[in-house]
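Generate coordinates for the entire structure from the input sequences, incorporating the hints supplied.
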Amino acid sequence: MLNVLTRLALPLLLLSACVAPSTAARSPETPSEARGAVSSADPRASEAGREILRAGGSAADAAIAMMLALTVVEPQSSGIGGGGFFVHHDAEGREIETYDGRETAPAAATPTYFFENGEPMSHSAAVPGGKSVGVPGNLRMMALVHEEQGKLPWARLFEPAIRLARDGFEVTPRLHNALARSDHIASPWAREQFFGADATAKPVGTILKNPELAQFLETLAARGADYFYIGPPAQDLVQTVRTASRNPSPMTLGDLASYDAKERPPVCGMYREYRICGMGPPSSGGTTVFAILKQLEGFDLSALGKDSPVAWHLIAESMRLAYADREVYQADADYMDVPVAGLIDPGYLAARARLISPDSSIPRVTAGHPPGAKPMPAVADGEVPSTSHMVAVDSRGNVASVTSTIEGAFGSGLTSNGYFLNNELTDFTIVPEVNGQPVGNRVEGGKRPRSSMSPTIVYGPDGKVRIAIGAAGGVTIIAQVAKALIGVLDWNLSAQEAIALPQIIGMRDRVSVEQGTWLEGMIPELAALGLKPTPRAAGFKANAIEWTPDGWRGAADPRSEGVWLRE
Numbered sequence: 001m002l003n004v005l006t007r008l009a010l011p012l013l014l015l016s017a018c019v020a021p022s023t024a025a026r027s028p029e030t031p032s033e034a035r036g037a038v039s040s041a042d043p044r045a046s047e048a049g050r051e052i053l054r055a056g057g058s059a060a061d062a063a064i065a066m067m068l069a070l071t072v073v074e075p076q077s078s079g080i081g082g083g084g085f086f087v088h089h090d091a092e093g094r095e096i097e098t099y100d101g102r103e104t105a106p107a108a109a110t111p112t113y114f115f116e117n118g119e120p121m122s123h124s125a126a127v128p129g130g131k132s133v134g135v136p137g138n139l140r141m142m143a144l145v146h147e148e149q150g151k152l153p154w155a156r157l158f159e160p161a162i163r164l165a166r167d168g169f170e171v172t173p174r175l176h177n178a179l180a181r182s183d184h185i186a187s188p189w190a191r192e193q194f195f196g197a198d199a200t201a202k203p204v205g206t207i208l209k210n211p212e213l214a215q216f217l218e219t220l221a222a223r224g225a226d227y228f229y230i231g232p233p234a235q236d237l238v239q240t241v242r243t244a245s246r247n248p249s250p251m252t253l254g255d256l257a258s259y260d261a262k263e264r265p266p267v268c269g270m271y272r273e274y275r276i277c278g279m280g281p282p283s284s285g286g287t288t289v290f291a292i293l294k295q296l297e298g299f300d301l302s303a304l305g306k307d308s309p310v311a312w313h314l315i316a317e318s319m320r321l322a323y324a325d326r327e328v329y330q331a332d333a334d335y336m337d338v339p340v341a342g343l344i345d346p347g348y349l350a351a352r353a354r355l356i357s358p359d360s361s362i363p364r365v366t367a368g369h370p371p372g373a374k375p376m377p378a379v380a381d382g383e384v385p386s387t388s389h390m391v392a393v394d395s396r397g398n399v400a401s402v403t404s405t406i407e408g409a410f411g412s413g414l415t416s417n418g419y420f421l422n423n424e425l426t427d428f429t430i431v432p433e434v435n436g437q438p439v440g441n442r443v444e445g446g447k448r449p450r451s452s453m454s455p456t457i458v459y460g461p462d463g464k465v466r467i468a469i470g471a472a473g474g475v476t477i478i479a480q481v482a483k484a485l486i487g488v489l490d491w492n493l494s495a496q497e498a499i500a501l502p503q504i505i506g507m508r509d510r511v512s513v514e515q516g517t518w519l520e521g522m523i524p525e526l527a528a529l530g531l532k533p534t535p536r537a538a539g540f541k542a543n544a545i546e547w548t549p550d551g552w553r554g555a556a557d558p559r560s561e562g563v564w565l566r567e
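When the letters of the sequence shown are read in order and numbered with my numbering, they come out as residues 1 to 567.
Read the hints as simulated data drawn from the structure, not as lab findings. All values derive from a computational prediction rather than experimental measurement. Hints are supplied without guarantee of correctness; some may be wrong.
[Claimed, not checked] Derived DSSO-like pairs (lysine-lysine); straight-line CA-CA distance at most 30 Å:
| # | residue 1 | residue 2 |
| --- | --- | --- |
| 1 | 151 | 262 |
| 2 | 532 | 306 |
| 3 | 464 | 306 |
[Said to hold, decoys possible] Cβ pair distances, simulated, as ranges:
| # | residue 1 | residue 2 | range |
| --- | --- | --- | --- |
| 4 | 272 | 548 | 12 to 22 Å |
| 5 | 196 | 358 | 47 to 57 Å |
| 6 | 224 | 354 | 48 to 58 Å |
Ideal Cβ placement from N, Cα and C applies to all residues, glycine included.
Written out as structure tokens, the structure is:
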């Protein structure tokens with residue numbers, strides 16, 4: 001358990017780096033500049049957010065409405081059955097707040113939670129059924145954020161999602177393809193809802209209605225988040241996971257009733273003239289995105305440009321170093337001493353940067369020794385691509401950058417009251433120790449699994465918000481956000497252009513580039529500099545809003561179905 005004094009000191013230690021100075025809302029020069037904007041991975045969710053902004057809602061209100069709408073229209077990726085992280089810029093208070101709605105393991109969970117017959121289960125065997133389900137955190141997080149940052153009544157935020165569930169929505173290509181690839185959906189209700197009589201996924205364009213979810217959202221709108229955690233819905237959820245035909249869970253009503261979303265200290269630091277702010281543990285995103293950027297500060301990426309193989313080589317090398325530290329030192333800070341200050345320490349990252357060469361690759365990457373860190377074994381977790389990101393800015397200049405997830409596609413394959421339950425606990429490291437030494441991200445009762453979700457807000461040299469961004473795609477989220485920020489901050493691209501850039505990912509001693517892009521054609525030049533990259537199929541999905549001379553402008557990944565809308 002984290003030392004109490006360390007836990008109390010951490011917010012103070014990071015405070016000077018985390019509060020962005022002079023972040024008062026702009027005084028827009030024209031009415032169009034004062035208009036807010038939203039961006040999400042689904043046009044119907046974006047429309048829900050815009051509706052809330054036009055009704056006078058705050059950025060936080062709009063983000064909550066989008067999260068609820070995604071529960072209906074993007075059930076494979078996120079929703080109230082999962083958890084998330086919420087990064088918020090308060091224009092009036094000139095401060096940044098971060099909220100933790102990550103799921104927790106049942107109190108009865110032990111380090112050998114995912115063992116069978118005395119041996120660790122494979123990740124694929126651990127996902128289906130009840131054991132992988134963590135206590136969902138999204139609703140508690142939304143209630144906490146709404147209490148502090150909301151403007152419209154709680155019930156008003158549910159109205160767009162209720163309409164979508166009640167009146168129906170079209171099956172999109174992304175949803176259809178996700179259904180066609182999923183063979184672990186065990187819920188009889190879900191099989192009937194999303195599949196035809198021949199057991200194939202319902203075709204694109206099919207209108208689906210979800211009256212069960214519509215009724216449930218109406219009740220939550222009227223009775224509040226507590227009803228989810230201590231009322232009949234909690235009983236149904238617990239009954240579902242405890243009686244699952246595969247991997248039944250020991251979750252209890254007490255596990256749900258005791259769940260709390262938490263406000264955490266943000267993780268911020270300077271990259272060139274920009275202040276990068278993100279989420280701290282149990283997210284590994286804030287420290288790892290920053291480390292990737294900071295380790296590149298000594299290289300002139302702007303002069304190299306986006307068409308330079310050397311630039312992409314440098315980015316991959318920095319990613320390799322940062323991901324190596326992530327594997328060792330990141331976990332739930334309530335259960336271990338996470339050296340957050342050490343991981344973002346400029347001196348430490350400068351030393352790591354000296355390992356990077358523009359004309360060769362590091363033969364073998366290992367974790368470093370950040371200040372204040374205790375040696376830990378390195379074990380990769382099983383985080384898989386899915387998740388959803390959304391961004392909202394209101395006319396007052398408040399900004400919300402939010403990532404929400406149920407982990408893998410359709411989570412555990414179980415449902416309750418018309419929504420899917422997460423498989424978030426498989427983000428823990430299934431093997432609890434290496435050579436007798438405990439792994440930081442091992443399973444423990446009440447603990448939150450490590451995450452790669454990286455909701456980020458960046459401040460310009462004037463102290464005002466420059467861009468808010470995040471992504472979906474499991475462990476690749478960190479690489480996606482870092483690449484896009486380099487595109488905007490170093491290569492002067494728009495957020496849309498930066499997100500659309502092909503993706504490179506460097507993790508330990510593996511480098512991959514996005515298949516079918518011009519970056520794949522650069523493999524010979526990259527290979528000449530060291531490790532040979534391998535092509536990787538695209539599974540990326542990022543969203544952003546940035547400040548431009550014309551006001552707020554959004555961005556949505558062209559690989560996704562996402563859109564951005566102005567208020």
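(request) Of all the hints given earlier, name the ones this structure violates by number, lowest first. (result) none
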